[in-house]
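Student: In case you want the letters, here they are:
4 protein chains.
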Amino acid sequence: MLEELKQRVYEANMQLPKHGLVTFTWGNVSEIDRETGYFAIKPSGVDYDKLKPEDMVIMDLDGNKIEGKYNPSSDTATHIELYKAFPNIGGIVHTHSPWATSWAQSGRGIPCYGTTHADYMYGEIPCVRNLTKEEIDEAYEKNTGVLIVDFFKDKDYVAMPAVLCKNHGPFTWGKDGMEAVHNAVVLEEVAKMAARTEMINPKVQEAPQELKDKHYYRKHGANAYYGQNN
Amino acid sequence: MLEELKQRVYEANMQLPKHGLVTFTWGNVSEIDRETGYFAIKPSGVDYDKLKPEDMVIMDLDGNKIEGKYNPSSDTATHIELYKAFPNIGGIVHTHSPWATSWAQSGRGIPCYGTTHADYMYGEIPCVRNLTKEEIDEAYEKNTGVLIVDFFKDKDYVAMPAVLCKNHGPFTWGKDGMEAVHNAVVLEEVAKMAARTEMINPKVQEAPQELKDKHYYRKHGANAYYGQNN
Amino acid sequence: MLEELKQRVYEANMQLPKHGLVTFTWGNVSEIDRETGYFAIKPSGVDYDKLKPEDMVIMDLDGNKIEGKYNPSSDTATHIELYKAFPNIGGIVHTHSPWATSWAQSGRGIPCYGTTHADYMYGEIPCVRNLTKEEIDEAYEKNTGVLIVDFFKDKDYVAMPAVLCKNHGPFTWGKDGMEAVHNAVVLEEVAKMAARTEMINPKVQEAPQELKDKHYYRKHGANAYYGQNN
Amino acid sequence: MLEELKQRVYEANMQLPKHGLVTFTWGNVSEIDRETGYFAIKPSGVDYDKLKPEDMVIMDLDGNKIEGKYNPSSDTATHIELYKAFPNIGGIVHTHSPWATSWAQSGRGIPCYGTTHADYMYGEIPCVRNLTKEEIDEAYEKNTGVLIVDFFKDKDYVAMPAVLCKNHGPFTWGKDGMEAVHNAVVLEEVAKMAARTEMINPKVQEAPQELKDKHYYRKHGANAYYGQNN
Numbered sequence: 278m279l280e281e282l283k284q285r286v287y288e289a290n291m292q293l294p295k296h297g298l299v300t301f302t303w304g305n306v307s308e309i310d311r312e313t314g315y316f317a318i319k320p321s322g323v324d325y326d327k328l329k330p331e332d333m334v335i336m337d338l339d340g341n342k343i344e345g346k347y348n349p350s351s352d353t354a355t356h357i358e359l360y361k362a363f364p365n366i367g368g369i370v371h372t373h374s375p376w377a378t379s380w381a382q383s384g385r386g387i388p389c390y391g392t393t394h395a396d397y398m399y400g401e402i403p404c405v406r407n408l409t410k411e412e413i414d415e416a417y418e419k420n421t422g423v424l425i426v427d428f429f430k431d432k433d434y435v436a437m438p439a440v441l442c443k444n445h446g447p448f449t450w451g452k453d454g455m456e457a458v459h460n461a462v463v464l465e466e467v468a469k470m471a472a473r474t475e476m477i478n479p480k481v482q483e484a485p486q487e488l489k490d491k492h493y494y495r496k497h498g499a500n501a502y503y504g505q506n507n
Numbered sequence: 278m279l280e281e282l283k284q285r286v287y288e289a290n291m292q293l294p295k296h297g298l299v300t301f302t303w304g305n306v307s308e309i310d311r312e313t314g315y316f317a318i319k320p321s322g323v324d325y326d327k328l329k330p331e332d333m334v335i336m337d338l339d340g341n342k343i344e345g346k347y348n349p350s351s352d353t354a355t356h357i358e359l360y361k362a363f364p365n366i367g368g369i370v371h372t373h374s375p376w377a378t379s380w381a382q383s384g385r386g387i388p389c390y391g392t393t394h395a396d397y398m399y400g401e402i403p404c405v406r407n408l409t410k411e412e413i414d415e416a417y418e419k420n421t422g423v424l425i426v427d428f429f430k431d432k433d434y435v436a437m438p439a440v441l442c443k444n445h446g447p448f449t450w451g452k453d454g455m456e457a458v459h460n461a462v463v464l465e466e467v468a469k470m471a472a473r474t475e476m477i478n479p480k481v482q483e484a485p486q487e488l489k490d491k492h493y494y495r496k497h498g499a500n501a502y503y504g505q506n507n
Numbered sequence: 278m279l280e281e282l283k284q285r286v287y288e289a290n291m292q293l294p295k296h297g298l299v300t301f302t303w304g305n306v307s308e309i310d311r312e313t314g315y316f317a318i319k320p321s322g323v324d325y326d327k328l329k330p331e332d333m334v335i336m337d338l339d340g341n342k343i344e345g346k347y348n349p350s351s352d353t354a355t356h357i358e359l360y361k362a363f364p365n366i367g368g369i370v371h372t373h374s375p376w377a378t379s380w381a382q383s384g385r386g387i388p389c390y391g392t393t394h395a396d397y398m399y400g401e402i403p404c405v406r407n408l409t410k411e412e413i414d415e416a417y418e419k420n421t422g423v424l425i426v427d428f429f430k431d432k433d434y435v436a437m438p439a440v441l442c443k444n445h446g447p448f449t450w451g452k453d454g455m456e457a458v459h460n461a462v463v464l465e466e467v468a469k470m471a472a473r474t475e476m477i478n479p480k481v482q483e484a485p486q487e488l489k490d491k492h493y494y495r496k497h498g499a500n501a502y503y504g505q506n507n
Numbered sequence: 278m279l280e281e282l283k284q285r286v287y288e289a290n291m292q293l294p295k296h297g298l299v300t301f302t303w304g305n306v307s308e309i310d311r312e313t314g315y316f317a318i319k320p321s322g323v324d325y326d327k328l329k330p331e332d333m334v335i336m337d338l339d340g341n342k343i344e345g346k347y348n349p350s351s352d353t354a355t356h357i358e359l360y361k362a363f364p365n366i367g368g369i370v371h372t373h374s375p376w377a378t379s380w381a382q383s384g385r386g387i388p389c390y391g392t393t394h395a396d397y398m399y400g401e402i403p404c405v406r407n408l409t410k411e412e413i414d415e416a417y418e419k420n421t422g423v424l425i426v427d428f429f430k431d432k433d434y435v436a437m438p439a440v441l442c443k444n445h446g447p448f449t450w451g452k453d454g455m456e457a458v459h460n461a462v463v464l465e466e467v468a469k470m471a472a473r474t475e476m477i478n479p480k481v482q483e484a485p486q487e488l489k490d491k492h493y494y495r496k497h498g499a500n501a502y503y504g505q506n507n
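Protein chains in written order, with my numbering: chain A, 278 to 507; chain B, 278 to 507; chain C, 278 to 507; chain D, 278 to 507.
Rather than coming from a laboratory, the hints here were simulated on the basis of the structure. You may find that some hints are simply not true.
Straight-line distance between alpha carbons at most 30 Å, and here's what the computed DSSO-like set of lysine-lysine pairs gives [claimed, not checked]:
| no. | chain 1 | residue 1 | chain 2 | residue 2 |
| --- | --- | --- | --- | --- |
| 1 | C | Lys-491 | D | Lys-480 |
| 2 | A | Lys-491 | A | Lys-480 |
| 3 | C | Lys-361 | B | Lys-496 |
| 4 | D | Lys-480 | A | Lys-410 |
| 5 | C | Lys-491 | C | Lys-342 |
| 6 | A | Lys-342 | D | Lys-496 |
| 7 | C | Lys-361 | B | Lys-491 |
| 8 | C | Lys-410 | B | Lys-432 |
| 9 | C | Lys-496 | B | Lys-491 |
| 10 | A | Lys-346 | D | Lys-491 |
| 11 | A | Lys-410 | D | Lys-295 |
| 12 | A | Lys-496 | B | Lys-346 |
| 13 | A | Lys-346 | A | Lys-329 |
| 14 | A | Lys-480 | B | Lys-410 |
| 15 | D | Lys-430 | D | Lys-295 |
| 16 | A | Lys-419 | A | Lys-342 |
| 17 | D | Lys-430 | D | Lys-419 |
| 18 | B | Lys-329 | A | Lys-452 |
| 19 | C | Lys-329 | C | Lys-342 |
| 20 | B | Lys-491 | C | Lys-430 |
| 21 | B | Lys-452 | C | Lys-361 |
| 22 | A | Lys-327 | D | Lys-452 |
| 23 | D | Lys-452 | D | Lys-480 |
Please model the complete structure; the sequences and the hints are all you need to start from.
Tutor: Shown next as structure tokens:
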């Protein structure tokens with residue numbers, strides 16, 4: 278089981294450079310096996326072009342290393358908080374992808390300007406606040422997760438599988454590592470087009486609610502009819 | 278005949294990722310055989326790197342599937358409206374190409390700022406309005422086509438083979454699938470340069486009419502002299 | 278001699294897609310043999326990936342085709358005017374490269390903001406006016422050349438091997454086809470950085486004269502010391 | 278020893294085109310052997326795709342050529358000043374990478390808007406003033422180095438391994454040539470995202486001090502815990 282999980286997480290990680298989402302080692306993917314509660318995650322600071330499936334680190338949700346010769350990603354504690362609070366997700370991605378990170382640095386959420394966004398993410402992609410000095414000093418990576426979880430406590434994290442951390446960068450999630458990567462690619466594309474949309478028309482308004490509904494529910498839920506699974 | 282049509286439409290579809298116009302499955306090309314009234318179109322939600330000629334779906338203009346194991350593109354009903362109303366076109370493309378989509382999201386048509394635009398498209402590339410909630414609820418994809426057709430009812434759809442749908446993205450067309458793809462590439466390039474032109478000079482004016490005429494008619498119509506067919 | 282010239286012009290043309298300066302057939306390179314007065318130029322509207330050395334068209338400076346099965350580039354008459362008026366150049370390039378074209382569309386010359394520009398081009402890269410309707414109707418391509426030549430009549434075309442044609446795009450030149458291509462690449466890079474420079478600091482000023490002098494004369498003229506030829 | 282140094286500097290130079298930091302010959306890397314005081318540097322104006330390890334030029338800190346058939350980079354005198362004044366560096370890079378150069382052309386330092394920046398560079402990346410005409414005329418390249426050294430005389434050049442020279446471009450450094458290249462890549466990415474951050478939110482503020490501290494010291498110094506070396 279663990280070998281298969283490592284292989285899957287390795288393959289999901291390798292999608293990040295393929296889609297142009299990472300420079301050097303600035304990104305990581307994890308995926309959890311909900312039965313055992315173990316998850317596999319990229320090792321910290323290891324180059325993508327040297328990465329091998331067996332390098333993935335197996336962790337449990339208490340932060341214990343179960344298997345692996347390397348240190349896990351420095352963002353591991355953030356992943357743990359998300360897995361604990363979001364039972365319906367199976368994979369998490371963090372990157373410094375340039376457009377999403379530029380929005381995060383600007384401190385703004387990404388308004389929904391069109392159907393590309395609405396097809397995957399329902400409403401504005403949120404940008405959560407900075408951690409305080411106390412939160413940083415106490416447990417930076419863990420508290421990043423706590424902050425995200427707190428933000429989503431009265432929201433639907435399945436319908437909004439992405440968040441921007443102010444002055445830092447994005448996290449995305451999904452039913453497994455590959456879907457989390459898929460959402461990271463969507464986020465970068467949506468972030469790029471939203472910035473250009475405002476450049477072309479500084480007074481632009483969000484897409485109308487009925488269009489957002491139509492596109493989201495065309496792909497999600499009981500009445501979905503996009504693709505082959507219906 | 279159908280095998281040949283599928284092959285052609287497959288090849289035209291594969292030009293979209295080659296020219297950087299699609300992320301994941303966000304695009305489709307169709308081409309019609311006017312004798313039979315059958316057209317081939319990309320299946321819905323199938324990855325470009327797994328696509329094969331035999332996966333193309335054959336449809337008729339009443340929306341019946343004639344051949345194919347997959348569901349056709351979810352935009353099929355839009356294609357049908359265009360084929361029915363525009364007798365002189367043989368191919369249609371829809372993408373979410375980033376610059377054209379950014380203009381669509383901004384709700385603005387693309388002014389003609391130069392000869393690259395004028396060589397292919399005569400005048401401002403229009404951006405049609407949002408559908409109303411009623412139009413969306415009734416038949417979203419069909420009414421997208423109806424709206425485009427209505428917009429062009431007193432205009433020359435051959436001289437303007439592109440349209441932006443507000444908060445959504447572009448459609449282009451041409452005498453066959455390949456020419457429709459060609460126009461999609463032109464549109465993206467023109468959209469990119471128009472945005473940058475306004476960034477460099479926010480007070481820029483459209484190109485003079487005589488220059489637009491010169492370039493369009495240098496390549497089109499009885500007096501064309503660009504290329505080898507004259 | 279002609280075979281060698283065709284080969285050289287073919288290779289120079291193939292540098293345009295390699296450097297990302299052309300989409301489809303939107304560009305051409307020519308090179309002249311000053312002894313015979315013949316020049317080779319890309320055929321009109323032929324795809325770069327099908328182009329072969331023997332497809333190059335040989336012309337003389339009166340516009341007669343000397344050799345070749347294809348029509349020459351539709352911009353041939355512009356090239357002829359430049360060769361006739363600028364005796365110290367041996368190659369010419371025209372493209373619709375996106376950043377340079379965006380400046381041309383905006384109707385602005387490109388200010389010299391730094392040493393990348395100053396290393397190759399002395400002062401602001403000029404943007405010449407639109408042709409009048411009369412000039413277009415009489416002889417569009419020829420009069421484009423006449424306009425450029427007229428602009429440079431009291432200027433040093435060797436120290437400024439580039440020009441933007443308003444609402445159209447750039448021409449560059451050099452001692453041969455390859456150097457003209459080199460200058461086309463420089464122009465695109467300089468155009469991109471100048472636009473971004475103004476985006477970062479809308480009140481930016483041109484680089485100081487002494488810096489422009491230093492960099493230009495470090496690479497050109499009797500006291501040059503950049504590279505290996507000194 | 279010298280052969281190994283040449284090989285290392287060759288490999289570091291070849292990373293520049295790989296990471297998209299150079300057009301033509303617009304960049305150079307050097308690395309010093311502190312025992313002998315010799316450093317290897319790219320030859321001036323030689324194309325990257327023709328470069329070989331044996332082409333690297335060996336120099337001493339008095340500017341004497343020790344070995345090599347080519348002229349060294351025209352920026353050699355700048356490198357010498359930095360090596361003499363910064364004893365804890367072993368490699369230097371100069372490029373005209375487009376985003377960093379656009380900031381240099383704009384005359385602005387790059388504010389720290391996020392953790393990507395803070396992970397590598399502590400505080401605003403400075404932009405040093407233009408040289409005066411006298412400084413240019415006396416010894417342009419040497420005085421570029423003198424100016425940088427003077428700027429850093431009361432600052433920590435290890436915590437800020439990058440500088441922008443106004444109207445020119447960036448220099449970066451590191452413990453060896455490869456680390457200097459690494460910092461050049463980081464700088465370009467940070468410069469790109471900072472420009473886009475301001476485009477998205479023109480009123481953006483710098484990242485909070487505690488976040489900058491956290492990220493810098495997570496990767497540097499006695500308490501670092503990023504990566505595998507701890």
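Student: Each hint: holds or not?
Tutor: Evaluation of the provided hints:
Only pairs whose Cα atoms come within 30 Å are accepted, and Lys-491/C paired with Lys-480/D is rejected, the gap being roughly 37 Å. With a C-alpha separation of about 24 Å, the suggested pair Lys-491/A and Lys-480/A falls inside the 30 Å cut-off, and the hint holds. Among the hinted pairs, Lys-361/C with Lys-496/B is consistent with the structure: their alpha-carbon atoms are about 27 Å apart, no more than 30 Å. Proposed proximity of Lys-480/D and Lys-410/A is supported: the alpha carbons are some 23 Å apart, at most 30 Å.
A distance of roughly 44 Å separates the Cα atoms of Lys-491/C and Lys-342/C; the hinted pair therefore is violated under the 30 Å criterion. Between Lys-342/A and Lys-496/D the CA atoms are separated by roughly 21 Å; this keeps the pair inside 30 Å, and the hint holds. Proposed proximity of Lys-361/C and Lys-491/B is supported: the alpha carbons are some 25 Å apart, at most 30 Å. The hinted pair formed by Lys-410/C and Lys-432/B meets the criterion: a straight-line CA distance of about 25 Å does not exceed 30 Å.
Between Lys-496/C and Lys-491/B the CA atoms are separated by roughly 41 Å; this puts the pair beyond 30 Å, and the hint is violated. A threshold of 30 Å between alpha carbons decides the hint, and for Lys-346/A with Lys-491/D the separation of about 26 Å falls inside it, so the pair holds. In summary, the hint linking Lys-410/A to Lys-295/D is not supported, as the alpha carbons are separated by about 39 Å, beyond the 30 Å threshold. Annotation: proposed proximity of Lys-496/A to Lys-346/B holds, straight-line Cα distance about 20 Å (limit 30 Å).
Restraint check for Lys-346/A and Lys-329/A: the C-alpha separation of about 12 Å stays at or below 30 Å, so the hint holds. Between Lys-480/A and Lys-410/B the CA atoms are separated by roughly 23 Å; this keeps the pair inside 30 Å, and the hint holds. For the proposed pair Lys-430/D and Lys-295/D, the alpha carbon gap of about 33 Å is over 30 Å, so the pair is violated. Taken as a hint, the Lys-419/A and Lys-342/A pair is honoured in the structure, with Cα atoms around 16 Å apart against an allowance of 30 Å.
In summary, the hint linking Lys-430/D to Lys-419/D is supported, as the alpha carbons are separated by about 16 Å, within the 30 Å threshold. For the suggested pair Lys-329/B and Lys-452/A, the alpha carbons sit about 28 Å apart, so the restraint of at most 30 Å is met. Annotation: proposed proximity of Lys-329/C to Lys-342/C holds, straight-line Cα distance about 18 Å (limit 30 Å). Distance restraint check for Lys-491/B and Lys-430/C: the Cα-Cα separation of roughly 27 Å lies within the 30 Å cut-off, and the hinted pair is therefore satisfied.
Distance restraint check for Lys-452/B and Lys-361/C: the Cα-Cα separation of roughly 41 Å exceeds the 30 Å cut-off, and the hinted pair is therefore not satisfied. For the given pair, Lys-327/A sits about 22 Å from Lys-452/D by alpha-carbon distance, which is consistent with the 30 Å threshold. Between Lys-452/D and Lys-480/D the CA atoms are separated by roughly 36 Å; this puts the pair beyond 30 Å, and the hint is violated.
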